[in-house]
Amino acid sequence: MGEYKLDVLGEMCPLPILRSDKLFKTLLPGDKLVIVTDHSCAMKGIPLHFKKLLAETQISLVAKGIWEITVEKKG
Amino acid sequence: MQPEVKNVTQQQTRDFQPATSILLLALAVSISSILNGSGHKVLGFSLLMGLGLGYAFQRSRFCLGAAFRDFILFRSSELLQSTVLLLILSSLGFIVLFFYHVFNNSSLPLSILPFGMHTAVGATLFGVGMVLAASCASGMLMRLGEGYVQQYGTLLGFLVGSIIGAWNQNFWLPIICQSPAIFLPTQLGWPLALAVHLGPLLFLYLYLRRLSSTSWKYTGFTPIRKIYSEAWSYQTGAIVIAILSTVLYYGRGSYFAVTTGITYWGTWAFTQLGGSVADWAYYQLPRHLNALNVGFFLTMESMLNFGFIFGALISSLAASEARLRKVRSLKHFTVSVAGGLLMGYGARLALGCNIGAFLSSIASFSVSGWVFALFSFLGAWLGIKLFLRIFNLK
Numbered sequence: 001m002g003e004y005k006l007d008v009l010g011e012m013c014p015l016p017i018l019r020s021d022k023l024f025k026t027l028l029p030g031d032k033l034v035i036v037t038d039h040s041c042a043m044k045g046i047p048l049h050f051k052k053l054l055a056e057t058q059i060s061l062v063a064k065g066i067w068e069i070t071v072e073k074k075g
Numbered sequence: 076m077q078p079e080v081k082n083v084t085q086q087q088t089r090d091f092q093p094a095t096s097i098l099l100l101a102l103a104v105s106i107s108s109i110l111n112g113s114g115h116k117v118l119g120f121s122l123l124m125g126l127g128l129g130y131a132f133q134r135s136r137f138c139l140g141a142a143f144r145d146f147i148l149f150r151s152s153e154l155l156q157s158t159v160l161l162l163i164l165s166s167l168g169f170i171v172l173f174f175y176h177v178f179n180n181s182s183l184p185l186s187i188l189p190f191g192m193h194t195a196v197g198a199t200l201f202g203v204g205m206v207l208a209a210s211c212a213s214g215m216l217m218r219l220g221e222g223y224v225q226q227y228g229t230l231l232g233f234l235v236g237s238i239i240g241a242w243n244q245n246f247w248l249p250i251i252c253q254s255p256a257i258f259l260p261t262q263l264g265w266p267l268a269l270a271v272h273l274g275p276l277l278f279l280y281l282y283l284r285r286l287s288s289t290s291w292k293y294t295g296f297t298p299i300r301k302i303y304s305e306a307w308s309y310q311t312g313a314i315v316i317a318i319l320s321t322v323l324y325y326g327r328g329s330y331f332a333v334t335t336g337i338t339y340w341g342t343w344a345f346t347q348l349g350g351s352v353a354d355w356a357y358y359q360l361p362r363h364l365n366a367l368n369v370g371f372f373l374t375m376e377s378m379l380n381f382g383f384i385f386g387a388l389i390s391s392l393a394a395s396e397a398r399l400r401k402v403r404s405l406k407h408f409t410v411s412v413a414g415g416l417l418m419g420y421g422a423r424l425a426l427g428c429n430i431g432a433f434l435s436s437i438a439s440f441s442v443s444g445w446v447f448a449l450f451s452f453l454g455a456w457l458g459i460k461l462f463l464r465i466f467n468l469k
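The listed protein sequences correspond, in order, to chains Y and W. Under our numbering, read the first sequence as residues 1 to 75, first letter to last. Under our numbering, read the second sequence as residues 76 to 469, first letter to last.
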C-alpha cells in the first residue's frame, strides 16, 4: 500500500500525463500515486486518462493554482 | 468512479483572487465602454467578446491543440469529440448568420481562404510547433493570462515567427493569390454542401462519443463559488465558444481569429526596434496597411487578443487558480520558444492558426479548413515524435 509522489510543477501538457502514466505502470494494486501539478488542463486530463486504466482519482486544490491528484491503482 | 475535486485552500488563507477577478472584469468592461463611446465600437465589442472567449476557454480547459495531440498520443478522444461538436455548432451558427443576411437583403462578409502549398506547409509547421510549445495560439493566450512563465517564451517565439512569416509573404503571396478558394455552397449548392459538410462531422462526433461521460463532484466550495469556480465540461465549453464566436462574427463582420493580432504585436515590436515594414507586400494589403497606420493596437484583432488574455486571467482568479507558474528548466523553455517560432511562421503561411484557419474556416464552409486540419494533424504527429525524443520518453 505504497504512496508515491510525482512533482510535475511547471511542466505542461503532455508531460504530466506521460510521466504519471510511466510511473503508474510500475505500481502494484492498492498503491497510490500523488501527482502535484499546477497545470489547469492536467486536473482534467489526468483523471480522464486514468479512468480508462481502472484507477480511482481524487483531486484537491491545495494552494492557489496547485492541484494534488491522487490516483489509486485498482485490481 | 467520479473524480472528486476538493478545495483545501479555502480553510487555510484569505483568498483575494475572486475579488480581484471581479475588479479586473469591471476594469475591462469599462475600457470596452470607453472605446464604444469614443467611436471605436468594433474595438470595444472585440475586447468584450475576447473576454468572454478567454473566460470560456480557460474555464473549460479547451485546447484545440490538445484535441489532436492527445488523440494521437493517448487515443484520448474527449477533447476531439468536443472540438467536433464545436465545429458542428459553429457551422450551424454560420448558417443562421448567412441566411439572416440573405433575408435582410444584405450579405455576410465572407473570408474564404485560398488553399494550396502554403496551407500544407504552414499547417504542418503549425502542428509541429503546437506540440513542442505545449499549446496552440489560443492556448498560449489563455496561459499567458493564467500566469505560465514558459508561455512567455512561446509568445516571444511566436512574435518572431510571425514577423518572419509576414516578411516572407513577399514570396508566398503570389502563390496564395493563384490558389483556389472554395466556398462549398457556391460550388455544390446548399443542400449538397450541408450533406458533405455536416454528414462527416456528425458521423465523427457520434463515433468519438463515449457512452459514459465523466461527472465531477465538487466539495469544500461555497454554493456561489461552486457556480463561479467550477471547471466546465468540454461540452459546455464547446457550446459557449460556439455561441460567442457566432455573436462575434455577427457583431463585427469578421470571424474569430487570433494570429493576425499577434502578428501586429510582433510588427509593433519590430518597428520599435527600428525596423521598417512599409515596403513589405503583407503591409500593402488594405487591412494590414490600416493596422500599420493606426499603430497596431487600435485594431479589432489586437483588442480581441487582449480581451482573451484578460478573460482567461479573470476566469483563473475567479477559481483561485491564478499563479505565476515557474519554468521547469531551460530545456522546457527553449523547446517552447522553438514551438512558438514554428507556430508563428506556419500561421502566416496558412493564413491563420487552428482558430482562424481551422475552426472558423470549417464553420464558414471553406475547403481550406479541411486542408489545414489534415496537415496540422500530420504536423502534430511529427511534433509528438520529436517531443518524445527531446524529453527521453518512450
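I should point out that these hints are in silico values taken from the structure, not numbers from a laboratory. Some hints could be false.
With the Cβ distance kept under 7 angstroms, some of the chain W side facing chain Y (calculated, not the full set) [stated by the list, open to error]: (1) V80; (2) L110; (3) G112; (4) G114; (5) D354; (6) R398; (7) R400; (8) K401; (9) R403; (10) K460; (11) R464; (12) N467; (13) L468.
Bear in mind the structure is a predicted one, so any value in this text is a computation, not a measurement. Quick reminder that beta carbons are idealized off the backbone N, C-alpha and C, glycines included.
Each hint, compared with the structure:
1. V80: With a minimum Cβ separation of about 5 angstroms from chain Y (threshold 7 angstroms), the hint on V80 of chain W holds.
2. L110: Because about 30 angstroms separates L110 of chain W from the closest Cβ in chain Y, which is outside the 7 angstroms limit, the hint is violated.
3. G112: 35 angstroms, violated
4. G114: For G114 of chain W, the interface hint is violated, since the closest Cβ of chain Y sits about 38 angstroms away, which is over 7 angstroms.
5. D354: 39 angstroms, violated
6. R398: 3 angstroms, holds
7. R400: 5 angstroms, holds
8. K401: Holds. Min distance 5 angstroms.
9. R403: This hint holds: R403 of chain W lies near chain Y, its Cβ roughly 4 angstroms from the closest one there, short of 7 angstroms.
10. K460: Violated, about 13 angstroms.
11. R464: 13 angstroms, violated
12. N467: 11 angstroms, violated
13. L468: With a minimum Cβ separation of about 5 angstroms from chain Y (threshold 7 angstroms), the hint on L468 of chain W holds.
When the structure is compared with the earlier hints, violations turn up for hints 2, 3, 4, 5, 10, 11 and 12 and for no others.
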